[in-house]
Amino acid sequence: SAVISQKPSRDICQRGTSLTIQCQVDSQVTMMFWYRQQPGQSLTLIATANQGSEATYESGFVIDKFPISRPNLTFSTLTVSNMSPEDSSIYLCSVEARDSYEQYFGPGTRLTVT
Amino acid sequence: GESVGLHLPTLSVQEGDNSIINCAYSNSASDYFIWYKQESGKGPQFIIDIRSNMDKRQGQRVTVLLNKTVKHLSLQIAATQPGDSAVYFCAESDTGRRALTFGSGTRLQVQP
Numbered sequence: 001s002a003v004i005s006q007k008p009s010r011d012i013c014q015r016g017t018s019l020t021i022q023c024q025v026d027s028q029v030t031m032m033f034w035y036r037q038q039p040g041q042s043l044t045l046i047a048t049a050n051q052g053s054e055a056t057y058e059s060g061f062v063i064d065k066f067p068i069s070r071p072n073l074t075f076s077t078l079t080v081s082n083m084s085p086e087d088s089s090i091y092l093c094s095v096e097a098r099d100s101y102e103q104y105f106g107p108g109t110r111l112t113v114t
Numbered sequence: 001g002e003s004v005g006l007h008l009p010t011l012s013v014q015e016g017d018n019s020i021i022n023c024a025y026s027n028s029a030s031d032y033f034i035w036y037k038q039e040s041g042k043g044p045q046f047i048i049d050i051r052s053n054m055d056k057r058q059g060q061r062v063t064v065l066l067n068k069t070v071k072h073l074s075l076q077i078a079a080t081q082p083g084d085s086a087v088y089f090c091a092e093s094d095t096g097r098r099a100l101t102f103g104s105g106t107r108l109q110v111q112p
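As they're listed, the protein sequences go chains A and B.
Going by the working numbering, the residue at position 105 of the first sequence is 105; the numbering climbs one at a time, nothing skipped.
Going by the working numbering, the residue at position 84 of the second sequence is 84; the numbering climbs one at a time, nothing skipped.
Heads up, some of the hints might be wrong.
[What the hints assert, rightly or not] No farther apart than 35 Å at their CA atoms in a straight line, the calculated lysine-lysine pairs in the DSBU-like style are these: (1) A:Lys7 with A:Lys65; (2) B:Lys68 with B:Lys42; (3) B:Lys68 with B:Lys56; (4) A:Lys65 with B:Lys56; (5) B:Lys42 with B:Lys56; (6) B:Lys42 with A:Lys7.
For the record, the hints were derived by calculation from the structure and aren't laboratory data.
Since this is a predicted model, take the numbers as computed values, not measurements.
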């Protein structure tokens with residue numbers, strides 16, 4: 001399995017500001033994903049981020065609100081833009097193993113918007 | 001740490017008993033399934049997976065059963081331990097799309 005780290009681990013932000021979350025993997029992976037987990041809820045896919053192409057967003061998520069970068073095979077960022085209290089969630093990145101469909105998750109970034 | 005799944009269905013078992021956690025999925029095109037364990041304040045941890053060409057797969061103390069006819073997945077944990085206490089999620093995907101769709105989760109509480 002891959003070792004995945006996320007920065008920051010948590011943050012408290014004011015409404016109207018933006019936060020960029022980083023996801024670093026210890027090996028090269030093709031498929032990376034960003035998920036959101038709202039308080040008391042399950043995980044919802046935000047977008048699929050593949051290196052060398054634009055991220056593919058799920059219904060209800062748009063690039064202007066959640067811009068994603070994927071500059072190489074070990075790193076990605078998710079920005080939460082113009083935040084509101086409704087954006088308070090845990091944001092998680094995941095990667096697909098190179099030789100299987102198994103997906104592994106980072107520890108998450110706990111965002112609180114006041 | 002922050003609690004996850006405050007209003008999830010809860011399964012309470014005695015230490016040493018076997019646990020069965022159930023999951024219904026909706027997409028008949030799904031051909032790959034994963035069970036995750038999520039402890040408070042942590043990201044989901046991969047437990048076991050199964051492809052749609054199988055109906056049973058065993059790991060260490062865990063077994064996943066897949067019934068494609070009724071679109072049902074279950075996770076069996078043998079000799080449940082206090083360290084098994086967590087929220088468990090099933091997830092499905094099709095191997096073309098690769099992204100996961102998660103179930104709503106079940107909280108497992110193991111009583112010593």
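Structure-based check of all given hints:
no.	hint	result
1	A:Lys7 with A:Lys65	19 Å, holds
2	B:Lys68 with B:Lys42	31 Å, holds
3	B:Lys68 with B:Lys56	11 Å, holds
4	A:Lys65 with B:Lys56	41 Å, violated
5	B:Lys42 with B:Lys56	28 Å, holds
6	B:Lys42 with A:Lys7	14 Å, holds
When each numbered hint is compared with the structure, a violation occurs for hint 4 only.
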